[in-house]
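Take a look at the letters that make up each chain.
There are 2 protein chains.
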Amino acid sequence: MAVASRKLTQTAPLGASAGRSGQARNGRTEIDLGVLDEHLGYLIRRFQVWVFQDFIRTLESIDIRPAQYSVLVVIGANPGLSQSDLADTLGIERARLVRLLDRLEKRGLTRRLPSPRDRRSHALQLTPEGQKTLKRAKTLAATHEARLAEKLGAESRKAMLGFLREFWR
Amino acid sequence: MAVASRKLTQTAPLGASAGRSGQARNGRTEIDLGVLDEHLGYLIRRFQVWVFQDFIRTLESIDIRPAQYSVLVVIGANPGLSQSDLADTLGIERARLVRLLDRLEKRGLTRRLPSPRDRRSHALQLTPEGQKTLKRAKTLAATHEARLAEKLGAESRKAMLGFLREFWR
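Line by line, the protein sequences are chains A and B. For the first sequence, the working numbering assigns the number 1 to the initial residue and increments by one for each residue that follows. For the second sequence, the working numbering assigns the number 1001 to the initial residue and increments by one for each residue that follows.
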């Protein structure tokens, strides 16, 4: 694998004190990313963190984070779903899902009803309050997605969606 | 945003007990992803987790994880780099980077020398052992990247790299 020659150019953040690290931080520091620039995993991770930060900011007013949003969307689209099917679908560990559902239930957004098919299982549902919150969340998430399309380019966003859906097929 | 009609089809994992969740788990359960299927963030996150899991498995024999790999690569490409420039470049919080460097130093892979420019700063370097480990890590990481190209399609991988580099430009 060839060492990438492209550089990541940094500018000092506003208000950073010059010379803090002993370098000319009021100017520009060029750091070579090396082979990282050739690794899809590295670039995907940085991008994913950026996307999640934007999503979290956008839904801050209704206090819904990415994993909570996923859970609400999938319960909303599949009322009566079991916890284990929800965990499998989202790739969330069972213990983490239980904590997520505990918090959503405490906020009055979801509920666990006894399963009509299995006494050891639950059927998950949104409460009316949960449905209202999900509706608001979807509206806000759509503005996040529009900003992403603007920043990435609508065509690039569409192409990436296509590659990723194909990957999971 | 339109509700997606595409479904994620799950098959029961090998050895899963049929009927565990009260559904026909020996068959197929169709769960509707709802609008998640339209969110790049959701698909990117699932993909990123898959890529990291493959990377971790691939480099398990030398016990190097993704963040450790990034740190070794960037120090290797920029000997004498300061901790704060490394943190900025990788988007890692200072406290987390300190813990990462503590562990790499304890393993004899990196060292913090006094900066020639600033007494409060350090100049980071790989030890000879660190250079050897990085070389092995790069070889393993290249096989991971080749597997990714195979699974995603070489053209799709290349296109995604292009979009992501463009995003950070």
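Keep in mind the hints are simulated off the structure, nothing from the lab. The reader is advised that the hints may include incorrect statements.
As the list claims (entries may be wrong) - Rough simulated footprint, nothing fancy, chain B against chain A, three-plus residues with beta-carbon under 8 Å:
| no. | region |
| --- | --- |
| 1 | 55-65 |
| 2 | 94-107 |
What the hints assert, rightly or not - Think about it this way: if two alpha-carbon atoms lie no more than 20 Å apart in a straight line, the pair counts; the simulated SDA-like pairs of lysine to any residue are:
| no. | chain 1 | residue 1 | chain 2 | residue 2 |
| --- | --- | --- | --- | --- |
| 3 | A | 158 | B | 1161 |
| 4 | B | 1106 | B | 1095 |
| 5 | A | 158 | B | 1138 |
| 6 | B | 1135 | A | 48 |
| 7 | B | 1151 | A | 103 |
| 8 | B | 1138 | A | 57 |
| 9 | B | 1151 | A | 31 |
| 10 | B | 1158 | A | 31 |
| 11 | A | 151 | B | 1049 |
| 12 | B | 1158 | A | 48 |
| 13 | A | 158 | B | 1095 |
| 14 | A | 158 | B | 1106 |
| 15 | A | 158 | B | 1166 |
Idealized CB from N, CA, C, for every residue including glycine.
Those earlier numbered hints the structure runs against, lowest number first: When the structure is compared with the hints, numbers 1, 2, 5, 6, 7, 8, 9, 10, 11, 13 and 14 turn out to be violated.
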